[in-house]
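Visitor: The task is simple: from the sequences and hints, build the whole structure.
The sequence shown begins at 126 in my numbering and counts up by one.
Source of the hints: derived by calculation from the structure; they are not laboratory data. Certain hints may be false.
[Said to hold, decoys possible] Cut-off 20 Å, straight-line C-alpha distance, at most; resulting in silico cross-link-like pairs (DMTMM-like, lysine to aspartate or glutamate): (1) 194 with 184; (2) 251 with 232; (3) 177 with 196; (4) 218 with 159; (5) 194 with 211; (6) 266 with 222; (7) 262 with 232; (8) 154 with 174; (9) 262 with 206; (10) 183 with 159; (11) 177 with 166; (12) 203 with 216; (13) 154 with 182; (14) 177 with 151; (15) 262 with 245; (16) 251 with 267; (17) 266 with 232; (18) 262 with 216; (19) 218 with 206; (20) 154 with 169; (21) 177 with 159; (22) 203 with 184; (23) 183 with 169; (24) 217 with 206; (25) 217 with 267; (26) 266 with 216.
Note that this is a predicted model, so its numbers are computed, not measured.
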Amino acid sequence: MPKTHDEPQISATMTRWAVNLGMHRDALKRRLVEAGIPFGDATELTAADVFKACYGDKERSITRLNLAKAEEQERENKVAEGQLLELPQIEKKLWVDLLSPLRLLIEQMPESLAGMCNPESPEVAKNVLRTWTESTKLQLKEPK
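Guide: The structure is reproduced here in structure tokens:
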């Protein structure tokens, strides 16, 4: 015979539910929070509340799916409008706008700074700067 709403429901504290379900108390607590079910250490939770928190409900699943679809559509719209760049575009933009000019400055450094670094022996300074330049250029490889 089906139960009516007038009959008492099965209830227990969060700790007792966690023990009886064989799950960690913090895991149950996290699921209760995600499901928006209010609770406290001494709060008696019904079986329906715990079931909803652990296994979700169709409405929450549909809402989560719709939210994910909306976020994906928003991302696609931002890419189409140029407000958001894809990773290959970012890599190219960084290289063209920042790293390529920086690499050019580094390549010119030995000749332009040698005399200022060591006016009495600019060739020694140029060689030291050239060595540093070559090792730095290895780290600034253009993407393929």
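Visitor: Could you run down the list of hints and mark each one as holding or not?
Guide: Hint by hint, here is what the structure shows:
{"no.": "1", "hint": "194 with 184", "result": "holds, 15 Å"}
{"no.": "2", "hint": "251 with 232", "result": "holds, 11 Å"}
{"no.": "3", "hint": "177 with 196", "result": "violated, 25 Å"}
{"no.": "4", "hint": "218 with 159", "result": "violated, 40 Å"}
{"no.": "5", "hint": "194 with 211", "result": "holds, 18 Å"}
{"no.": "6", "hint": "266 with 222", "result": "holds, 15 Å"}
{"no.": "7", "hint": "262 with 232", "result": "holds, 8 Å"}
{"no.": "8", "hint": "154 with 174", "result": "holds, 12 Å"}
{"no.": "9", "hint": "262 with 206", "result": "violated, 35 Å"}
{"no.": "10", "hint": "183 with 159", "result": "holds, 14 Å"}
{"no.": "11", "hint": "177 with 166", "result": "holds, 19 Å"}
{"no.": "12", "hint": "203 with 216", "result": "holds, 18 Å"}
{"no.": "13", "hint": "154 with 182", "result": "holds, 17 Å"}
{"no.": "14", "hint": "177 with 151", "result": "holds, 16 Å"}
{"no.": "15", "hint": "262 with 245", "result": "violated, 27 Å"}
{"no.": "16", "hint": "251 with 267", "result": "violated, 25 Å"}
{"no.": "17", "hint": "266 with 232", "result": "holds, 13 Å"}
{"no.": "18", "hint": "262 with 216", "result": "holds, 17 Å"}
{"no.": "19", "hint": "218 with 206", "result": "holds, 17 Å"}
{"no.": "20", "hint": "154 with 169", "result": "holds, 13 Å"}
{"no.": "21", "hint": "177 with 159", "result": "holds, 10 Å"}
{"no.": "22", "hint": "203 with 184", "result": "violated, 28 Å"}
{"no.": "23", "hint": "183 with 169", "result": "violated, 24 Å"}
{"no.": "24", "hint": "217 with 206", "result": "holds, 18 Å"}
{"no.": "25", "hint": "217 with 267", "result": "holds, 9 Å"}
{"no.": "26", "hint": "266 with 216", "result": "holds, 12 Å"}
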